[in-house]
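**Q** Okay, here's what each chain looks like letter by letter:
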Amino acid sequence: MSLLDYFRSNKNNTAQLAKERLQIIVAHERGQRSTPDYLPQLRNDILEVIRKYVEISPDQVSVQLEQKNGNLSVLELNVMLPEEK
Amino acid sequence: MARIIVVTSGKGGVGKTTTSAAIGTGLALAGKKTVIVDFDIGLRNLDLIMGCERRVVYDFVNVINDEANLNQALIKDKRVEDLYILPASQTRDKDALTKEGVEKVLNDLAERFDYIVCDSPAGIEKGAMMALYFADEAIITSNPEVSSVRDSDRIIGMLSSKSRRAEQGLEPIVEHLLITRYSPKRVNSGDMLSVDDINDILAVKLLGVIPESQAVLKASNSGEPVILDKESDAGMAYQDAVDRLLGENRDFRFIQEEKKGLLSRIFGG
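In order, the protein sequences belong to chains A and B. For the first sequence, the numbering used here assigns the number 1 to the initial residue and increments by one for each residue that follows. For the second sequence, the numbering used here assigns the number 1 to the initial residue and increments by one for each residue that follows.
None of these hints come from the bench; they were simulated from the model. Glycine included, every Cβ here is placed at the ideal spot set by N, Cα and C. You may find that some hints are simply not true.
Stated by the list, open to error - Here are the computed distance ranges between Cβ atoms for each label pair: (1) Q214(B) <-> P36(A): 45 to 51 angstroms; (2) N249(B) <-> H28(A): 34 to 40 angstroms; (3) E29(A) <-> Q214(B): 31 to 37 angstroms; (4) R54(B) <-> E29(A): 39 to 45 angstroms; (5) D37(A) <-> Q90(B): 27 to 33 angstroms.
Generate coordinates for the entire structure from the input sequences, incorporating the hints supplied.
**A** In structure tokens:
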């Protein structure tokens, strides 16, 4: 590293940025790893059924499977309905 | 009992084949009977890196399909005693590797070898899954770069869920991290993830750090595993990794920037 680089280097430490981005995405993906493959399809099917009655967008439905202790799993379904006019 | 070691990464171009060739050759140099198996069906390249591309007659898929026996397909290395290569097929048939077929070939190899090094293809398709399925140990090869580290993490997840050891509830695969194309200079200037950064994210025991080195391209140009270039930094770093794999303690070299004189410090270069 030359003297010039020394003054430049601390301004934009991209390695630190890379590490922070990686920590977030890796933690997120590890969380999803244990969920079954059918979950996205299940979410789509639920969305289609609700759409027969109410117009909602995909981000208003969240489906999560949580592994509780022992052999108990909880499927959590959250639907945000639009305000009635 | 033979140890099956998969060299894997998820991402392509990070140095799996270079690593398979170097580690396999290093194990044979240490007196272990070793075979390196190319799992990259359709895109065979281990033969080029090992410098035996003109000696391929039969391949892995021929053996699975009983079109040739192992003796016909195995290529004996001309430089190192007790080192063999099983080349991949150039077929475009994706289903050429069956779990039963791979298991049969690995069982036959296990009778004759101490180490079976499986060179995995990139990706998470069938070839990569077959390469890691029967593994006892895994060398996760990663560049100090975001997409490579992320893909390594996915592969680590698969080692612990999709492998034979995971499915049968056996002892988990022993995981090793090998960082390649490492540049201490760029780490110091804040442009590259450091060994510690990568370790914080992946949390896998470090097997080796291979510096970015001209020796690697020179080695592949000439079809010589880089570990045979004993004067080179990359060759020495791979030798250290092999020694660690065999249970020796080795200090990590080439992870600190080389000290330079005052003039080059000021003017760079």
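**Q** State for each hint whether it applies.
**A** Evaluation of the provided hints:
1. Q214(B) <-> P36(A): 45 to 51 angstroms: holds, 48 angstroms
2. N249(B) <-> H28(A): 34 to 40 angstroms: Given a distance of about 37 angstroms, which is inside 34 to 40 angstroms, the answer is holds.
3. E29(A) <-> Q214(B): 31 to 37 angstroms: Holds - the Cβ-Cβ distance for E29(A) and Q214(B), about 35 angstroms, lies within 31 to 37 angstroms.
4. R54(B) <-> E29(A): 39 to 45 angstroms: Check passed, 43 angstroms falls within 39 to 45 angstroms.
5. D37(A) <-> Q90(B): 27 to 33 angstroms: Once the Cβ atoms are compared, 32 angstroms apart, the range 27 to 33 angstroms for Q90(B) and D37(A) holds.
Checked against the numbered hints given earlier, this structure breaks none of them.
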